[in-house]
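Could you build the full structure based on these sequences and the hints that come with them?
Protein chains: 2
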Amino acid sequence: MASSATAPKPEARGGENRREALLDAAAAMFAAKGYDGTSIRDIAGAVGMLPGSLYYHFKSKEDLLIAVYRKGVARFEAAIDAALGSTAGDPWQAIEAACAAHLSILLDGGDYARIVNPEFVRSFPPEMLPTLNAERDRYERHFEKLIAALPLDPETDRWLFKVALFGSLNWSQTWYRKGRYTPQDIAAAFIGMLRQKGA
Amino acid sequence: MASSATAPKPEARGGENRREALLDAAAAMFAAKGYDGTSIRDIAGAVGMLPGSLYYHFKSKEDLLIAVYRKGVARFEAAIDAALGSTAGDPWQAIEAACAAHLSILLDGGDYARIVNPEFVRSFPPEMLPTLNAERDRYERHFEKLIAALPLDPETDRWLFKVALFGSLNWSQTWYRKGRYTPQDIAAAFIGMLRQKGA
DNA sequence: GAGGCTACCAAACAAGTGTTTGCTATGGCA
DNA sequence: TGCCATAGCAAACACTTGTTTGGTAGCCTC
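Top line first, the protein sequences correspond to chains A and B.
Using our numbering, the first residue of the first sequence is number 2, and each one after it goes up by one.
Using our numbering, the first residue of the second sequence is number 2, and each one after it goes up by one.
Be aware that a few hints might be false.
[Claimed, not checked] Just the calculated beta-carbon pair ranges, DEER-fashion:
1. 21/A - 87/B: 56 to 62 Å
2. 132/B - 176/A: 17 to 23 Å
3. 78/B - 154/A: 30 to 36 Å
4. 157/A - 85/B: 36 to 42 Å
[What the hints assert, rightly or not] Pairs of lysine-lysine residues, derived as DSSO-like cross-links and limited to a Cα-Cα distance of at most 27 Å, are as follows:
5. 34/A - 62/B
6. 179/B - 163/A
7. 34/A - 60/B
8. 146/B - 72/B
9. 179/B - 34/B
10. 72/B - 72/A
11. 34/A - 72/B
12. 163/B - 179/A
13. 34/B - 72/B
14. 163/A - 163/B
15. 146/A - 179/B
16. 34/B - 60/A
17. 34/A - 179/B
18. 163/B - 62/A
19. 179/A - 34/B
20. 62/A - 34/B
These are calculated hints, taken from the structure and not from any lab test.
Just so it is clear, CB atoms sit at the ideal spot from N, CA and C, and this is done for glycine as well.
This is the structure:
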């Protein structure tokens with residue numbers, strides 16, 4: 002998916018930068034005013050372009066949204082990959098590091114991160130939900146593996162553990178304001194609450 | 002639909018019922034397709050009315066949304082009031098009961114409940130957010146009182162405890178499907194995970 | 001039985017929407 | 001030099017949106 006399927010790219014002037022600029026503008030405006038609340042004219046205007054010109058880079062508004070969404074998911078995956086590369090053996094430390102990485106993108110990761118929130122996704126055209134959700138499910142599997150490694154009580158439902166943790170994490174978008182807590186603080190506090198004695 | 006254009010309507014009159022019907026239709030369509038995704042024509046049509054006629058009952062689309070939202074919050078408050086009226090002294094039991102009540106509305110409470118979700122609210126016209134959030138803050142205060150009564154470790158941040166719990170609860174809207182777990186199951190599991198030994 | 005109120009219809013309005021089309025300035029390459 | 005893809009402009013198209021306006025059928029009261 003990384004390189005567009007069309008041509009061997011001679012890469013003339015303006016180049017890939019304009020496309021990226023459109024993506025950034027779209028992410029910012031989607032995050033601020035929602036998908037429906039943002040018009041093609043808004044996005045194109047933000048980069049000094051006319052509405053019709055945007056259709057040279059993206060074949061539809063939905064296409065643009067998918068591109069933004071993919072870039073959002075990719076940020077989460079990059080962050081968690083980096084965090085897990087440097088953790089030692091302790092599974093509680095590993096999941097706390099993953100949570101901190103997740104939160105750092107979610108809370109300080111800019112506009113792309115907001116787009117990935119499933120409740121935000123609900124406002125998108127319904128026919129694109131399967132595409133977007135598949136993307137996100139793949140990401141969540143990282144956490145499932147980390148949770149599988151935790152030494153929990155046998156009667157603890159690990160799937161409910163996952164959704165509880167994810168809920169706490171993702172909900173932070175609702176209340177987080179810069180300054181009081183860092184993503185690390187929050188991750189440590191949440192994992193501390195869920196951590197069972199004797200483990 | 003139905004008998005449309007110029008036919009005389011013998012008993013279409015419904016007094017307050019018509020307003021309620023509009024509220025129900027709006028709640029259903031807002032929940033299904035979002036605020037922007039739902040048009041006045043959709044809502045009016047769903048109760049066999051013409052778009053202009055809706056303006057007899059509500060002075061604007063935003064006015065209609067606020068009415069739906071108020072009704073949604075009221076459902077949560079009624080449920081939690083009922084649940085707390087019948088709990089004994091134990092603070093862990095009390096908060097579990099409140100969570101179960103919250104979840105029962107959130108998950109089985111129909112269309113009104115979806116509207117109250119803050120991430121859903123983000124798609125609304127920004128100038129109405131203060132009005133709506135004030136309504137919701139009042140509701141959350143019930144939970145703050147319940148958490149204040151819990152015998153937690155002294156170093157546990159009770160505010161973070163609240164947002165962690167709320168996150169877990171409200172996130173369930175994302176994954177819940179009827180059948181596997183009941184709201185009571187989920188509440189018991191979540192509180193069980195957060196409950197600290199020795200209390 | 002005249003007036004007024006309720007609840008709605010019928011039709012339009014102005015503005016905004018995503019998208020399409022035809023055209024053009026630019027620069028790399030043979 | 002001529003060719004051709006790139007990147008974008010300019011203007012329209014077809015449609016949907018929330019909302020307003022003027023009218024009116026049925027009921028209630030005086």
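Tell me, which hint numbers fail for this structure? 4, 10, 17, 18 and 19
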